[in-house]
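Heads up: the sequence lines are chains A and B, in that order.
Under the UniProt record's numbering, the first residue of the first sequence carries the number 1, and numbering increases by one thereafter.
Under the UniProt record's numbering, the first residue of the second sequence carries the number 1, and numbering increases by one thereafter.
It should be emphasised that the hints constitute simulated quantities derived from the structure, not laboratory data.
None of the values given here were measured: they were computed from a predicted structure.
Even for Gly, the Cβ is constructed at its ideal location relative to N, Cα and C.
A portion of the hints provided could be inaccurate.
Computed footprint of chain B on chain A, listed as stretches where at least three residues anywhere in the stretch have a Cβ under 8 Å from a Cβ of chain B [claimed, not checked]:
(1) 125-132
(2) 140-147
(3) 169-183
Below, simulated EDC-like cross-link-like pairs (lysine to aspartate or glutamate); rule was C-alpha separation at most 16 Å, straight line [said to hold, decoys possible]:
(4) Lys140/A to Glu185/B
(5) Lys144/A to Glu196/A
(6) Lys144/A to Asp119/B
(7) Lys144/A to Asp277/B
(8) Lys197/A to Glu185/A
(9) Lys140/A to Asp184/B
(10) Lys126/A to Glu186/B
(11) Lys144/A to Asp148/B
(12) Lys144/A to Asp184/B
(13) Lys140/A to Glu186/B
(14) Lys126/A to Glu183/B
(15) Lys140/A to Asp317/B
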Amino acid sequence: MPADATPNPTPTPEAGPTTGPTTGPTTGTTTGHAAAAAALAQVPSEPGAAKPDPIVIADNVKRSFGGLTAVDVEHVEIQRGVITALIGPNGAGKTTFFNLLTGFDQPDSGDWSFNGTSLRKKASHKVARLGMVRTFQLTKVLSKLTVLENMRLGATGQRGESFWAAPLKFLWGGQEDENTVRARELLARFKLDGKEKDFAGSLSGGQRKLLEMARALMVRPELVMLDEPMAGVNPALKQSLLGHVKSLREDGMTVLFVEHDMDMVRDISDWVIVMAQGKVIAEGTPDSIMADERVIDAYLGAHHDVDITEMEREIEQEHLEYGDPMGDSAHQPREEEK
Amino acid sequence: MDIISSALHDAFSPFALSFVLAAIGLNVHFGYTGLLNFGQAAFCAVGAYAMGVSVASFDLPLIVGIFFGLVASALLALVLGVPTLRLRADYLAIATIAAAEIARLVFSTSFKEYFNARDGVSGFTRGFRDINPLPDFNGQFLTFSRNDWWVMTVGWVLVALTCIFLWLLMRSPWGRVLRSIREDEEAVRSLGKNVYSYKMQALVLGGVIGAFGGFIGGLGLASVQPDSFNTDFTFIAFTMLILGGAARILGPVVGAVLFWGVLSGVGSTLARLSSGDNPIIPPDLMGSDQVSNVRFMLAGLALMLLMIYRPQGIFGDRKEIALDAR
Numbered sequence: 001m002p003a004d005a006t007p008n009p010t011p012t013p014e015a016g017p018t019t020g021p022t023t024g025p026t027t028g029t030t031t032g033h034a035a036a037a038a039a040l041a042q043v044p045s046e047p048g049a050a051k052p053d054p055i056v057i058a059d060n061v062k063r064s065f066g067g068l069t070a071v072d073v074e075h076v077e078i079q080r081g082v083i084t085a086l087i088g089p090n091g092a093g094k095t096t097f098f099n100l101l102t103g104f105d106q107p108d109s110g111d112w113s114f115n116g117t118s119l120r121k122k123a124s125h126k127v128a129r130l131g132m133v134r135t136f137q138l139t140k141v142l143s144k145l146t147v148l149e150n151m152r153l154g155a156t157g158q159r160g161e162s163f164w165a166a167p168l169k170f171l172w173g174g175q176e177d178e179n180t181v182r183a184r185e186l187l188a189r190f191k192l193d194g195k196e197k198d199f200a201g202s203l204s205g206g207q208r209k210l211l212e213m214a215r216a217l218m219v220r221p222e223l224v225m226l227d228e229p230m231a232g233v234n235p236a237l238k239q240s241l242l243g244h245v246k247s248l249r250e251d252g253m254t255v256l257f258v259e260h261d262m263d264m265v266r267d268i269s270d271w272v273i274v275m276a277q278g279k280v281i282a283e284g285t286p287d288s289i290m291a292d293e294r295v296i297d298a299y300l301g302a303h304h305d306v307d308i309t310e311m312e313r314e315i316e317q318e319h320l321e322y323g324d325p326m327g328d329s330a331h332q333p334r335e336e337e338k
Numbered sequence: 001m002d003i004i005s006s007a008l009h010d011a012f013s014p015f016a017l018s019f020v021l022a023a024i025g026l027n028v029h030f031g032y033t034g035l036l037n038f039g040q041a042a043f044c045a046v047g048a049y050a051m052g053v054s055v056a057s058f059d060l061p062l063i064v065g066i067f068f069g070l071v072a073s074a075l076l077a078l079v080l081g082v083p084t085l086r087l088r089a090d091y092l093a094i095a096t097i098a099a100a101e102i103a104r105l106v107f108s109t110s111f112k113e114y115f116n117a118r119d120g121v122s123g124f125t126r127g128f129r130d131i132n133p134l135p136d137f138n139g140q141f142l143t144f145s146r147n148d149w150w151v152m153t154v155g156w157v158l159v160a161l162t163c164i165f166l167w168l169l170m171r172s173p174w175g176r177v178l179r180s181i182r183e184d185e186e187a188v189r190s191l192g193k194n195v196y197s198y199k200m201q202a203l204v205l206g207g208v209i210g211a212f213g214g215f216i217g218g219l220g221l222a223s224v225q226p227d228s229f230n231t232d233f234t235f236i237a238f239t240m241l242i243l244g245g246a247a248r249i250l251g252p253v254v255g256a257v258l259f260w261g262v263l264s265g266v267g268s269t270l271a272r273l274s275s276g277d278n279p280i281i282p283p284d285l286m287g288s289d290q291v292s293n294v295r296f297m298l299a300g301l302a303l304m305l306l307m308i309y310r311p312q313g314i315f316g317d318r319k320e321i322a323l324d325a326r
């Protein structure tokens with residue numbers, strides 16, 4: 001029974017006076033970005049590059065489904081305190097890699113660690129309790145629970161989650177109130193505070209993404225892993241989601257995200273890891289990745305760095321479905337396996 | 001008048017009580033946690049047999065028998081849960097439905113010196129009847145004997161206590177984890193909850209509540225017979241749960257009372273209409289000997305209508321059901 005009430009020592013937005021609207025989407029991100037860029041300045045742009053302060057280190061992680069090798073990562077390190085993007089064509093093994101790292105799937109071989117703790121064969125809930133929390137590509141909110149209940153569920157170390165303590169409210173009522181306060185703060189930050197009493201199932205797709213991210217923060221994670229946070233989100237909400245992801249870095253968290261939206265990748269990530277056919281084929285800063293021949297061949301396509309004008313942007317938003325990295329696939333088919 | 005009284009009799013009888021408790025157990029499994037247990041009969045049977053055999057064959061005090069019954073049903077939950085709860089929901093359903101049949105066949109064919117085959121176990125009620133504090137009256141009071149009243153008193157108090165206990169549990173963070181597991185296990189796991197452990201706790205809790213149903217049923221009938229625990233038992237309990245409304249504390253209680261009340265009322269009405277020299281229902285259409293089958297047909301029809309027009313049951317929340325359609 002999960003009654004171990006060890007609070008995660010992670011720095012969190014709620015711990016200090018930084019709560020409230022200060023961490024809204026438009027917060028200046030220069031300091032966090034600059035620090036992150038400085039930390040990564042000396043790291044060579046090559047697959048498996050060693051980082052000065054890695055939070056996750058993975059070695060020889062392999063997973064095959066039948067004859068297909070979905071993931072075959074030799075060595076990869078994720079730098080602490082920065083935003084790392086994981087990109088690659090469909091079927092490159094990004095989500096499978098996510099599942100392996102978080103214990104939702106078991107690899108054929110390999111070892112990986114989080115903060116120096118080996119996570120090999122660790123159950124997914126234990127991974128989450130260590131401070132490595134993920135979201136899902138297809139958003140998983142609990143639709144028959146209210147928004148607030150969804151948030152409260154995220155809190156770790158709840159005494160009332162033990163069977164024997166559960167009927168005795170005086171044992172857990174106080175803690176529940178504290179969690180509720182924290183949940184409300186996070187909901188306010190994600191602009192969901194008006195929806196508190198609604199069933200989560202009544203939220204729109206974008207709001208569900210926000211709720212899922214906010215709920216993950218209730219766990220007080222050190223590393224937040226977002227699987228396609230922008231998929232199916234409208235442009236206005238995209239901007240605010242971008243701000244939220246940046247604010248996670250401001251608050252001292254590490255972010256690893258899978259994304260197809262190259263604008264977003266360029267905008268917020270400090271480091272980019274490119275996967276294709278299960279392997280890490282390139283690593284580097286966003287700018288160096290955009291110029292990398294292998295990446296262009298495998299994923300981006302030749303005209304990826306041509307700036308999109310505002311008008312084209314509008315057309316793109318009106319006509320193209322999500323998940324299209326540049327939005328100009330009409331006259332420039334990408335080399336993706338379907 | 002006797003139609004109403006027989007309906008009330010059946011709705012609150014010790015027999016109905018065993019179904020109330022079985023359905024409450026199923027509510028923990030299916031209603032709150034989403035576990036498909038199609039073998040609730042096995043939990044009731046194992047509990048009832050363990051109690052009956054301890055007292056009848058080993059001369060142990062009733063309270064010890066009840067303790068063994070609870071332990072046996074908890075063990076059954078562990079045996080069923082360990083291999084299946086890590087797998088998809090269907091596997092538990094298959095394992096439990098098989099376990100229920102295995103239990104019934106073991107009780108009716110094996111260890112005859114203890115289980116007495118189809119005759120079942122009897123002679124274990126003395127300890128219970130000796131402590132009956134009710135005033136001695138001869139014959140019946142409101143169609144129930146003194147023994148029945150004693151079983152019913154204990155049984156309904158037990159139902160009330162169980163409901164209060166479950167209400168306390170389900171409003172707690174523990175209950176919130178169960179309700180979340182019902183919807184999406186992976187989301188719960190990603191938030192650091194040990195889903196397997198919670199499912200196991202729910203399976204044991206619901207099974208133990210089912211064992212109480214077995215005790216009350218056994219004490220009410222003064223015997224425990226294998227054929228009372230066939231698959232119908234589980235499916236009738238499911239029907240009651242859905243009728244009353246799953247994941248509502250009082251859903252299975254009201255559902256069970258209503259089910260037996262209406263079933264019995266319909267039965268005696270049909271019996272009245274089809275009997276006598278000049279029956280209202282023509283004998284070609286339905287004879288009086290077909291009443292007990294026809295009333296189950298009507299129950300099935302009623303259940304279908306319920307599913308179409310009020311899928312959430314009597315107490316359910318329409319809004320919750322509507323979310324599924326999205």
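Evaluation of the provided hints:
| no. | hint | verdict |
| --- | --- | --- |
| 1 | 125-132 | holds (count 4) |
| 2 | 140-147 | holds (count 6) |
| 3 | 169-183 | holds (count 3) |
| 4 | Lys140/A to Glu185/B | holds (10 Å) |
| 5 | Lys144/A to Glu196/A | holds (13 Å) |
| 6 | Lys144/A to Asp119/B | violated (47 Å) |
| 7 | Lys144/A to Asp277/B | violated (57 Å) |
| 8 | Lys197/A to Glu185/A | holds (15 Å) |
| 9 | Lys140/A to Asp184/B | holds (7 Å) |
| 10 | Lys126/A to Glu186/B | holds (13 Å) |
| 11 | Lys144/A to Asp148/B | violated (42 Å) |
| 12 | Lys144/A to Asp184/B | holds (10 Å) |
| 13 | Lys140/A to Glu186/B | holds (8 Å) |
| 14 | Lys126/A to Glu183/B | violated (21 Å) |
| 15 | Lys140/A to Asp317/B | violated (22 Å) |
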